[in-house]
Each structure stands twice: as C-alpha cells, then as structure tokens.
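Residue numbers (UniProt numbering), protein chains in the order written: chain V, 1 to 644; chain G, 1 to 233.
These are computed hints drawn from the structure, not numbers from a lab.
Restricting the straight-line Cα-Cα distance to at most 25 Å, the calculated cross-link-like pairs of lysine-lysine (PhoX-like) are:
no., chain 1, residue 1, chain 2, residue 2
1, V, Lys-169, G, Lys-106
2, G, Lys-123, V, Lys-169
3, V, Lys-169, V, Lys-32
Just a few of them, taken from the derived set where beta-carbon distance is under 7 Å, the chain G residues facing chain V:
no., residue
4, Ser-70
5, Phe-71
6, Ala-74
7, Leu-80
8, Arg-86
9, His-90
10, Asp-95
11, Ala-100
12, Ala-103
Here are the in silico distance ranges between beta carbons for each label pair:
no., chain 1, residue 1, chain 2, residue 2, range
13, G, Pro-165, V, Leu-618, 49 to 59 Å
14, G, Gly-12, V, Ser-317, 24 to 34 Å
15, G, Asp-13, V, Tyr-587, 39 to 49 Å
Keep in mind it's a predicted model, so treat the numbers as computed, not measured. Just so you know, even glycine gets a beta-carbon here, dropped at the ideal spot from N, CA and C.
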Amino acid sequence: MQIGFALFNGLTVGMSIFLVAAGITLIFGMLKILNIAHGSFFMIGAYVAYSIIGTDPDSTWKLVVAAILSGLVLAALGLLLNASVFQRLRNIGEAYSLIATFALLMICNGVTKIIWGVNYHSVSAPDALAGAVMYGRFFAPSYSLFIIGLGVLTFLVLEIVVHRSSVGKVVRAIAHDPWMANLVGINTSRIYALVVIAAFFCVGMAGGLLLPNQSLSPLLFESYLLQSFIVVIIGGLGNIRGAFVGAIMLGLTEGANFLVLPDIPGILVYIILIGFLLWRPYGLFPQPGADTAGQAGSLAETEDVPATTPPKALLGSVVATVLAVSVLASMPFWANAGFLFIIGFAMVEAVLALSWNLLFGYAGLTTFGHAAFFALGAYFVGFLLRQETGIPFLVLLSSSLVLGALTAFFVGFIAIRRTSGIALGILTLSLGEILRRAINYSPALGSDDGLSGIPRPRIDLGLIVFDLGSERAYFWFLLAACSVVALALWSFTVGPKGRVLVALRQDPIRAEFLGINVRRYRLTAFVISGAIAALAGGLQAPWAQIVTPEAASYLHSTQPMLNTLLGGSGFFWGPIVGSAIFSGINYATRTLAGLSEVVSGGILLLIVLAAPGGVLGLGSRFGRMKHVGALHKRSTVNELTRIG
Amino acid sequence: MLEVAGLNAFYGDSHILHGVDLTVDTSDRVSVLGRNGSGKTTLMKSILNAGPRIYGRICLDGADLADEPSFQRARSGLSLVPEDRRSFPHLTVRDNLLIALTAAGKRTGLDIEQVLDTFPMLKPLTARYGSQLSGGQQQMVAVARGVMPRPRCLLLDEPTEGLAPVIVRQLAASLVRLCDEFNIGLLLSEQNIWFARFCTQRVYIIENGRIVFSGSWDEFDSRPDVKHLYLAV
Ligand SMILES: Nc1ncnc2c1ncn2[C@@H]1O[C@H](COP(=O)(O)OP(=O)(O)OP(=O)(O)O)[C@@H](O)[C@H]1O
Ligand SMILES: [Mg+2]
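Excised from the complex, chain V in its bound form (with noise of 0.2 Å):
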C-alpha cells in the first residue's frame, strides 16, 4: 500500500519532470546547446500563468487556458532569444554556450524578482482536480493523474512528431549534419526557431499546469533544473524517448528514496546517477546513427578556446602584480568594513576560481562541482576552529590541502578514467549535490544553518605570534596567503608539468601518440586544483566567520566559471580580474534585490557572445599579443615531441 502510494507519487513527480526536460532535450537535439535556463523559462511561466488566474483557479479549463497563454508568452520570448542569443551560440564552443545560458538563468531570475517579487505564493488546484480517484483500496490524486495523463500526452506528440513525421525527418536531418541539410535546399536556420519556439511553448505551458501544489517563488527554477538535468542525461542527450525513459525512472527512484531513506530527500538520485554515468557515461541510448542526435561528448576538446599564454612581459606582470598587491595591502587603511569584506571574498574566490582554471583552461577538463572541495576545506577548518582543539591554524591549512588533495584523488581517478565532457560535468555536479544534502541533514556541522561564531585564530610561530582576531589582521593574512597561492600556481603553469598540460589540451591526440599518458596529467591537475579549492575553503571559514551549505551548492560552483571566463580562461591572472569584475558588479548592485543578478548576468552574456576571450582577450585582441597565440601554439607542439 504505502509501497504504491511513493511509486504513484513518483511516478507524478517524474512527469513534471518530463515536461520540463522535453524542452532542454529538443534544444539540444537541435542547437547542441545545453539550456541552463530552461528550469528559470520554465519558472517564468509559472508566474505568468499565475498573473492570469491567481492563487484559486476555479476549473480546470482556466488553468488550461492560462498554462497555453503562458505557453504562447514564452514562445514569443523564445523567438526573442533564439534571435538574439541561440543563433549566435550556434558558432561557439560548448563551455561557451553553457556559460551563455548560466547567463540567461541570471537575468532571468533577476527580472522575476523585479517584476514578481521575492514571496512565496501557493496556487491550489481547481475544485475539478483537488479530488482523489478510488480504486478499492488505492486512491490517487486526481491532479496527479492529471500530470501523468498530461507527461504522457505530451511524450506521445513529441514522439509523433519527430519519429513519425515528414517534419520529424527534417528536423532529424538538421540534428545530424546541418551543414548537408542546407545544402539540401532546408532552410535550417528556420528550423531551428521553429524547434526553439516550440520548446518555449512547451515549458510556458508545463509551468501553467504545474502551478497548482507547489509553492510559487524565485527558488521554483532551481527544484526542476537538476532533476530535467539528470533525466535529460540518463536518457541521452537530444533523445525524447530516453527523457521519457529517464523520467520515469528518476520518479521511481525519487518514490524508492521516500521509503528507503525518508530523512535525507533527493540523495539517491544523486548517487544513482554517479552509478550510471560510471557505467554508460553516454547515456541509455547514445547510437548517433539511431536516434540521439546528440553525443554527450567533449566540452573542452573541441573548444577553441585561446591558446593558454604565458605572459611573455614578465617584467609588466611583476609591476602589475606588485600594484594591485600594495593597493590590496593598503585597503584596511582606507576602505570601508563592508567593502573590505567583500575584498576578502573576492580573493578567495579568486583563488577557488584559478585552482578551477587549472582545469579547465589547462587540463582540459570542464567540472561542475569545484564548490564541493570549497565546502570540504570551509568545513574542516570551520568545524576544528570552533572545537577549540588547540591545533595551530596552519596545521588545519595544510591538512584541508592535503585533504582536498585525497578527496580530488579519488575522486579523479574514477571520473577521469571513465567519463570525459559533460558526462564529467554531471558527476562532479551530482557529488556536490550529495555532499550539500549530506551536510544540509548533518546536525553535528549545523544543518541548513551551518556553523557560525567560528573564531579567528592566532599564529604561534615561536618566537612571534600573530594574533589575527581583528578583521585588519587576518585581511593581511588572507591577502599573503591568496598571493602565495596564486604564485605557486603561476610557477607551476609554467614549469615543466604545466607546458605539457597545455599542449596536451592543445592536441591530446597527438600527445597520445607520443606515448604521453595523458590521464596522468589530468589526475595530476584534478589533485593540485582539488588541494587548492580546499584551502580556499579553509582561508575564508574564519574570514566569514560563518560557512553554510550553499559552500557546496552548484550555484557556487558556478562562480568559479564565471569568473574565469569573464576574465579569460586563456590567460593565467583572467580568473582573477573576473574576480575582481564580478565582486565589483556585485558590490554595486548589492541593495537592489534582482538587479544585481540582471546586470552580472547581462555582462557575461555580452561578454560571451561579443569577446569569448573573456576581458584580458579583448585587450589582446587589439595589441602585440595577437600573434602570440599561434607562436605559443608552435612551441608547445614542440613541447610535446620533446618529451615523447
């Protein structure tokens, strides 16, 4: 009985899920874009339903109206987009485009906050559908029945429609090869607003009919965006039928999760998931020649992302460096407490945001999940300091290193050897997922609240002691700290290991040939940039005073992203004047609730589509380093015959 009752439940919860993902797995299909934003579109169709008919539609027909005019909405603002950003996505590389849509989810959720406001709302369901149908002794909900008819319904027109269809043809042969489509007299570029506006509609319509029984607020994006995330995954990127399939047992697995692990909500999923992407990193039904279109395949590969410049003007660089550092140092003097403050975050994110670059710009590997060794390091030293026990706080610095260093090793070495591209991305996002959840039901680190009153330390040297209790001291501390990090990266990008790993991302076929084990490098940089996310983590507990679960929330994992690119992935010091930009913006917008996250979402949209060399590749664009790009490129090749 109760057995049935959290499979039915799930099974309802996996077709709300469906009707969102229908839409990511069509864009992608089509446009090879990962739409980060669908779960805000699909938000902003709640609320526009919600404008329509308020808190207490009285039919059923009412709601069904208000979900087809939102639909209708969203459609005109699909055509809008595809316009003026997918189109444009279409010539760029994947890492791009995802950063590009994270973009959207920004502005987005910025303008439902001005427009809508940040209160919950709660819409019920109309008299019609607030009911239960009977069955002996099993009753199901009739809104429930309502959705799954709804998922199915929808499902089956996809389904239709793309395999069944004249249209479905022409669309399957734009997924896979554009380029012989146009030459086939299709006007592609028509498809694909067609295929984009009618993805719009369906999530605008999802919306309206998911408004009743769930709590309308600026948080809505986030409840679908994972779930359609990992179903749009499981079944295998731009596959409806997978969606489908992927839906249905994610729904189950969430109903399995209510009765097996009632304490902890949503973890199985995370750790089903991390299972199945060992195991089949492609997806349920990957075959390109069938009917995925999409290959879950490289993301940084295939990028064309600016060659990693060593900073030829050395001299220039130690000038610039010593500036900003001084200017840093003479900030306690001048600057107020709550600029000051933001100061100190900004360079631990600067940090996080290079050890993440590492990665990405260096090894070639796109994770999602870097937060999660923030939070391990946050923790650790957060968690001991508060404990008083006593150890001296560069002790509990090296061992959140080390830690991280562990953690990164395990974990990398299964990721790497098994997955590569978004495959990777998803799994390091899902371990940051359960590792938030765990802390969230984690009494002894605090729960939802975290741990706060964490003290600042002292630093018994002997024969000097350091007492950094005061913000000015440890503000000192945390700048020497940040700096020294930031150099011994520096030192290492450009020695020996870090000259191989650019040319490996440069040509890893090639590398391969040459006898070079390129998954030893890549482990070597996923260990190195885990250790240093970890310190970050375990520099800022006690500059904050306070670390909460959202240290590891994918949101902050995105935050490293953003600030790289913003800065430019190519260059070395890019993630730190993203950094620098972001916490800029950030300061300026900081009092307007949904501003701030329109104008930082608006500038990394621009910057994605107008300079995707972040800023510092704007500069470069117009100066001597324009060709420095294609020397470096020359060298490095070199680089490789040299150690092979």
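Dock chain G with the ligands against chain V, hints included.
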C-alpha cells in the same frame, strides 16, 4: 547559365582561391582537374556559399547570387554532392532521396522511381538506413540525391573516389544519361581522367587556387606540357 567571375575564397586568414573565372552553359558538362589541395573542393563549396568566406561574382541564369545562403542556392538549382558523401544516417535510402526534393522549390524534381532505375545498384537498398551502407553505396546515394531536385547545375566532387572500376563505368553512363535527358549542367571535380573525359566536354585545370588552363579535351590533349606540369601524370 552558371558564371563565376573573380572568385576569391578564404578559410580564416588563408587565401585559397585567387580570382577564379569559370562558366558552365546550359546542359554543358565541365571538369575541374587539379592536384590534391589545389582548391577543387573549396571552389565547389564557394559556389554554394557553404563554408569558405567568398568575394566575387557568382551568377545563375544571369542573376547574381550575392550573399544568398546555401539553402537558397540549392533551391535556385545548384546541387552539390560533397566529396565526403554525407548521406543522412537516420534516413532510409528512399528518404535520403526524397528529402532532397526540398531543394526543388517551386520547380518539380525528378521522379524517384526513374532515378532508382538509373542507379540499379540502389534498387535493393531503398529500405536500408544511411548508416547501414558501404562507402561506395553511400556515394551512389549521394549522387542520386544530388540529381533528385533536377538541378540546373550539378556539382560533383570526386564521385569516383573509392569505387570499383565496374561501378565507375556504370556511374559514368548513368550520369551522362540523366544529364542529357533532364538538361542538367555538370561541374565535375576529378582525379580520374578517364571518367572526366567520358562525362564532360571541357576541362579546367586549377593549381594553387588559380585556373591555369581551360579548353576542350582536344586542346587538353594537344598540350602534354600542361598535363605534365599540373597533374604530374
Ligand atoms: N577548412 C579548412 N580550413 C583551412 N584550410 C583549408 C580548409 N579546407 C581546405 N583548406 C586548404 O585549402 C586548400 C585547398 O583545399 P581543397 O580541399 O579545396 O583541395 P582539393 O583540390 O579539393 O584537394 P583534394 O583533391 O585532396 O580533395 C588546401 O591547401 C587546404 O589545405
Ligand atoms: Mg577535394
């Protein structure tokens, strides 16, 4: 019918075609010969605006195609069979041919049964998926797909590559028959001189992105130096 004048083509910064002039008259059949890397494929793609960045005049029946996208050019009557074939793997052979009728636009394309009769090798394969064909079979599908919309000019990029000699002879015969019957012009890029000579009346030689010779096959034969210099045979 097809006139190319002063065509320059670029891949990124590299300048590949340098002021190419070329014409194909109605129902005219013309070969382009040249070494590997001389620019034959680039020329074909440029005519369809399908890849390289192009400058220059490309006119079809007197109308300048300017910067029309490739699907529009396909609809106006240019049909490219690329050297890498590119049959659609998820469609059956029949559907591969039928989808090309999109390019017929307002004109009427050919009847699929007629085309299948011309390429007897395809007859038993009509229900197979593109992904289940051998290289040579895919080549046949690609050529058949190319003629389906009944183009004004068919552009064939090295169609004989990888085909058995018997099949090459069959293909030559089928092609000539189709082009004659339906007034299809032909621009053929080839390494196989026998095939080129069989299918076409005139020949251009391209070297380093420049046309270095143009004339009838007789003129070509009377210039052994040209053959020696540019084709190294
Ligand atoms: N996508 C590309 N990017 C840059 N250069 C290219 C590209 N494609 C071809 N080239 C260059 O353009 C020149 C002409 O190439 P093209 O493919 O037109 O030669 P081809 O005559 O068709 O040779 P083949 O007989 O081998 O098919 C070559 O030097 C080649 O290196
Ligand atoms: Mg060629």
